[in-house]
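Student: If you read the sequences in order, they're chains A and B.
This note's numbering puts the first residue of the first sequence at 1, with every later residue one more than the last.
This note's numbering puts the first residue of the second sequence at 1, with every later residue one more than the last.
The hints are simulated quantities; they were obtained by calculation from the structure and are not laboratory data.
All C-beta atoms, glycine included, are put in the ideal place defined by N, C-alpha and C.
Treat the hints loosely; a few may be bogus.
What the hints assert, rightly or not - Using 35 Å as the maximum straight-line C-alpha spacing, the simulated DSBU-like pairs for lysine-lysine come out as follows: (1) 19(B) / 195(B); (2) 19(A) / 70(B); (3) 142(B) / 91(A); (4) 48(A) / 195(B); (5) 14(A) / 117(B); (6) 91(B) / 146(A); (7) 142(A) / 14(B); (8) 142(B) / 117(A); (9) 186(B) / 91(A); (10) 194(B) / 19(A); (11) 80(B) / 91(A); (12) 195(A) / 19(B); (13) 194(B) / 14(A); (14) 14(B) / 192(A); (15) 70(B) / 195(A); (16) 186(A) / 130(A); (17) 48(A) / 91(B); (18) 117(B) / 91(A); (19) 19(B) / 194(A); (20) 142(A) / 48(A); (21) 147(B) / 14(A); (22) 130(B) / 70(A); (23) 80(B) / 91(B); (24) 14(B) / 70(A); (25) 194(B) / 48(A); (26) 48(B) / 19(A); (27) 70(B) / 130(A); (28) 91(B) / 80(A).
Unchecked claim - Under 8 Å between C-beta atoms, here's a sample of chain B residues computed to sit facing chain A: (29) 20; (30) 43; (31) 46; (32) 47; (33) 57; (34) 67; (35) 88; (36) 91; (37) 92; (38) 96.
Number of protein chains: 2
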Amino acid sequence: MANNITWHQSTITKSDRQKLNNHQSAVLWFTGLSGSGKSTLANVVDAKLHAQHIQSYVLDGDNIRHGLNKGLGFSEADRKENIRRIGEVAKLFVDSGQIILAAFISPFYEDRESVRKLFQADEFIEVFVKCPLEECEKRDPKGLYKKARSGEIPEFTGVSSPYEEPVNPELVIETNQLSIDEAAEKIIAFLKGKKLIGG
Amino acid sequence: MANNITWHQSTITKSDRQKLNNHQSAVLWFTGLSGSGKSTLANVVDAKLHAQHIQSYVLDGDNIRHGLNKGLGFSEADRKENIRRIGEVAKLFVDSGQIILAAFISPFYEDRESVRKLFQADEFIEVFVKCPLEECEKRDPKGLYKKARSGEIPEFTGVSSPYEEPVNPELVIETNQLSIDEAAEKIIAFLKGKKLIGG
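With the hints as constraints, model all of the structure from the sequences given.
Tutor: Encoded structure:
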């Protein structure tokens, strides 16, 4: 099959798009337990970037599962494929010149590393959204921990399935110690420091 | 499973992004035989949009198959899933405020209609890239028709697998009658006429 297909170099390149947008493109990959605040944080960062006229967009588990990954379940194999597809979509967005914010539990080190390998070194920013399990379980915004404890949801990360912490994440955000705004500003400052965005 | 997930409304909406970009977002869905000029045309339109500072990006069969749809083959079932995933990715790009140009043979009416249904009426623009089979086969830019005739490639659209022509496409572009530039301008004029882009 691979013999029948060739990679078409677009006339317009990633670099052309970055030049037009006046910022670099990259993926912010938010990983952490359910309830740690990944999606909320990604959306606040997205809003701050948007206010600075930066092309950015949020992918999160919930909206991806209704669409692209509809039909995939929560088994380890399906989770792997779930993360793989999201990584590939993030790559397309980065190629299109955007800063893409991906917020997924993504509990397995190997799966996250596979995604990292799709990108250049400075394009993949792993954001470990760190929050103690007890705190996440206390928050339980969707009542999922309760269902996991009762056995209604099998293989739930942190309860009946492991969460493998990032080894060398670019950023660690402790959401039980920072306000959402402080956390978002820390990420914005990182992007500025790396000269991915201006200011 | 559906009970455990909810759609997170982004703080920043599609409409916010369109306002920032100063143009609407939509998908141009290029369908036609292999060799009809879909990818070439999509890339030329993309370059013209880029020159007007419009956020646009090309998805095509070749680059998608190396990434997101790696592992899918050319059977009818895999082609269906191929098109479904591309439709969902296009939807994310439209939500992100871009004009996304998708260039795929997409030979089956039903599959294209499934994609159309993902979008609002004015967001999905089906572009039938029309060119007689004999002409496409004469061009045979990747030597695929030759392989299809010899039986080396099974189920090849137009040779051993049907191409179902669009019934009511928004645009028909006859690439054996127009130059690439004329064809691209026809599409740009359509986008302006629909007020999807300015000018």
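Student: Indicate, hint by hint, whether the structure satisfies it.
Tutor: The hints, checked one at a time:
no., hint, verdict
1, 19(B) / 195(B), "13 Å, holds"
2, 19(A) / 70(B), "30 Å, holds"
3, 142(B) / 91(A), "26 Å, holds"
4, 48(A) / 195(B), "29 Å, holds"
5, 14(A) / 117(B), "30 Å, holds"
6, 91(B) / 146(A), "33 Å, holds"
7, 142(A) / 14(B), "25 Å, holds"
8, 142(B) / 117(A), "30 Å, holds"
9, 186(B) / 91(A), "31 Å, holds"
10, 194(B) / 19(A), "28 Å, holds"
11, 80(B) / 91(A), "23 Å, holds"
12, 195(A) / 19(B), "26 Å, holds"
13, 194(B) / 14(A), "28 Å, holds"
14, 14(B) / 192(A), "25 Å, holds"
15, 70(B) / 195(A), "33 Å, holds"
16, 186(A) / 130(A), "14 Å, holds"
17, 48(A) / 91(B), "23 Å, holds"
18, 117(B) / 91(A), "25 Å, holds"
19, 19(B) / 194(A), "28 Å, holds"
20, 142(A) / 48(A), "26 Å, holds"
21, 147(B) / 14(A), "33 Å, holds"
22, 130(B) / 70(A), "33 Å, holds"
23, 80(B) / 91(B), "17 Å, holds"
24, 14(B) / 70(A), "22 Å, holds"
25, 194(B) / 48(A), "31 Å, holds"
26, 48(B) / 19(A), "16 Å, holds"
27, 70(B) / 130(A), "33 Å, holds"
28, 91(B) / 80(A), "23 Å, holds"
29, 20, "6 Å, holds"
30, 43, "5 Å, holds"
31, 46, "6 Å, holds"
32, 47, "5 Å, holds"
33, 57, "4 Å, holds"
34, 67, "4 Å, holds"
35, 88, "4 Å, holds"
36, 91, "6 Å, holds"
37, 92, "7 Å, holds"
38, 96, "4 Å, holds"
The structure shown violates none of the earlier numbered hints.
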